[in-house]
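> Per the numbering used here, residue 16 is the first one in the sequence shown, and the count goes up by one each step.
It is worth saying that the hints were derived from the structure and are not from the lab. By construction, the Cβ of each residue, glycine as well, lies at the ideal position given by its N, Cα and C atoms. Be careful, since some hints might not be right.
[Unchecked claim] When the alpha-carbon atoms are kept at most 20 Å apart in a straight line, the in silico SDA-like pairs for lysine to any residue are as follows: (1) Lys95 with Trp19; (2) Lys44 with Leu93; (3) Lys67 with Asn117; (4) Lys95 with Arg37.
[Stated by the list, open to error] Computed spacing ranges between beta-carbons, pair by pair: (5) Ile91 with Ile48: 32 to 40 Å; (6) Gly111 with Glu40: 30 to 38 Å; (7) Gly56 with Lys95: 27 to 35 Å.
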Amino acid sequence: MNPWLLLAGTIVTEVIGTLCLRLSEGFSKPAWIIGTAVCYGLAFWGLAIVMKRIDMSITYAVWSGVGTVLTAIVGILLFKEGVSMAKLSGIGMVVGGVVLLNMSGASH
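Please model the complete structure; the sequences and the hints are all you need to start from.
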């Protein structure tokens, strides 16, 4: 399997896990707690597989950076979290950093 495709899947799974965590309301809703655990478990399992094929520094930076951006977008769209110029600038910087890291050469 293409490691970049698997990485994309792990990112989406991690973001879903974070969404479940938010919906668990402080670990008070069992179904969302289970969703959180399953998604985070799958995300880390996939991340470990991806790191066999893509440098750890690139893998983790892309995973955490893109995950952070997607989580911020989910927060804005689903939970009506505030949008500010600072938040948008931060998202832009994360995206720029991920692009620069990928330009440095990622696979081995």
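> Now look at each hint and say whether the structure bears it out.
Here is how each hint holds up against the structure:
1. Lys95 with Trp19: Not OK: Lys95 and Trp19 at ~31 Å, beyond 20 Å, violated.
2. Lys44 with Leu93: holds (19 Å)
3. Lys67 with Asn117: holds (17 Å)
4. Lys95 with Arg37: holds (13 Å)
5. Ile91 with Ile48: 32 to 40 Å: violated (24 Å)
6. Gly111 with Glu40: 30 to 38 Å: holds (34 Å)
7. Gly56 with Lys95: 27 to 35 Å: holds (29 Å)
In summary, the structure is inconsistent with hints 1, 5 from the numbered list given earlier, while agreeing with the others.
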